[in-house]
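Produce the entire structure from the sequences given, and follow the hints as far as they go.
Number of protein chains: 2
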Amino acid sequence: MTTPMLTKNQSLVFDVLTKAEAPLSAYTILDKLRDQGFRAPLQVYRALDKLLEYGVVHRLESINSFVACAHPHEDCHSHGLVAFAICESCGQVIEFHDHEVDHRLMDWLKSQKFKAEKSTIEIRGHCANCAA
Amino acid sequence: MTTPMLTKNQSLVFDVLTKAEAPLSAYTILDKLRDQGFRAPLQVYRALDKLLEYGVVHRLESINSFVACAHPHEDCHSHGLVAFAICESCGQVIEFHDHEVDHRLMDWLKSQKFKAEKSTIEIRGHCANCAA
DNA sequence: TCAATTGCGTTATGCTATAACGTGTGCAAT
DNA sequence: ATTGCACACGTTATAGCATAACGCAATTGA
Ligand SMILES: [Zn+2]
Ligand SMILES: [Zn+2]
Ligand SMILES: [Zn+2]
Ligand SMILES: [Zn+2]
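Residue numbers (the numbering used here), protein chains in the order written: chain A, 554 to 685; chain B, 554 to 685.
Just so you know, these hints were derived from the structure itself, not from any lab. Glycine is no exception: its CB is placed at the ideal position from the N, C-alpha and C atoms.
Chain A is faced by these chain B residues, among others (derived, beta-carbon under 10 Å):
| id | residue |
| --- | --- |
| 1 | 651 |
| 2 | 654 |
| 3 | 662 |
| 4 | 677 |
Covered stretches of chain A, going by a simulated chain B footprint (3 or more residues, C-beta under 8 Å):
| id | stretch |
| --- | --- |
| 5 | 637-648 |
| 6 | 652-659 |
| 7 | 662-668 |
| 8 | 671-680 |
The following block contains the structure:
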């Protein structure tokens, strides 16, 4: 997926996410963009849908939040799974890929004749700083 | 975690889940239990909290639903990750464990000094029957 | 010009989850 | 026996997350 020019709303949402130090919920994004004219959740969700489609933003299912892709220029997204380590103290997210895990999971799915379409790998816990 | 005697509400919720052929949302469970006297979401959520704590039920984060554990008598849950393949057509869920994936993920987390507490591995797609 | 597509704004609604309050019951410790 | 505590439960209200459905405007391509 090559990323087309972003629209105004898409850019605003994307900027908020890239500047954030932790994942944001759609409603938090909305609040941050009220000064720029945002009024309704759909304005955020519609922009997010596109950004997700372009692969420049990820959705964290386990915390109903969104985060800018940490390495949008790698091609891992097109052929591999993405995993996230999410710190429950500071909110920091580490995005990573592991081909070994990919292949192992894919092999298992293939053995079950299961056609995978979307994947979610999220580990919640505490990052090095917060583990104390 | 050894599972203590279930209370009435916990049993009702657990029974609904074990009899279901697909994961259920809390509100769907509520509807199925109205005849047994359930009136409010909290009755379901409180029961679910306990069942999750006992490890006999899993929450599927990516679809906001709950499913009875497919092999509650194995000890994998205590030391390993659990993964789910979820069919988006028929709702069937296949629960599985893979120690290779576990170790690989755990090693990576350890290398980042990240203390993992909860994990979510969910693959959505189409099962053998529905892939057509 | 006309139709199709896409983005946008708005209102309303639906789904998911929890806060806060009070009740009753069982079970120690005093 | 009385007190205090833990726990399950019931109820109402509220918070948080996501989408349906309508209409309008700009773009594009036949
Ligand atoms: Zn990414
Ligand atoms: Zn942290
Ligand atoms: Zn299980
Ligand atoms: Zn299926």
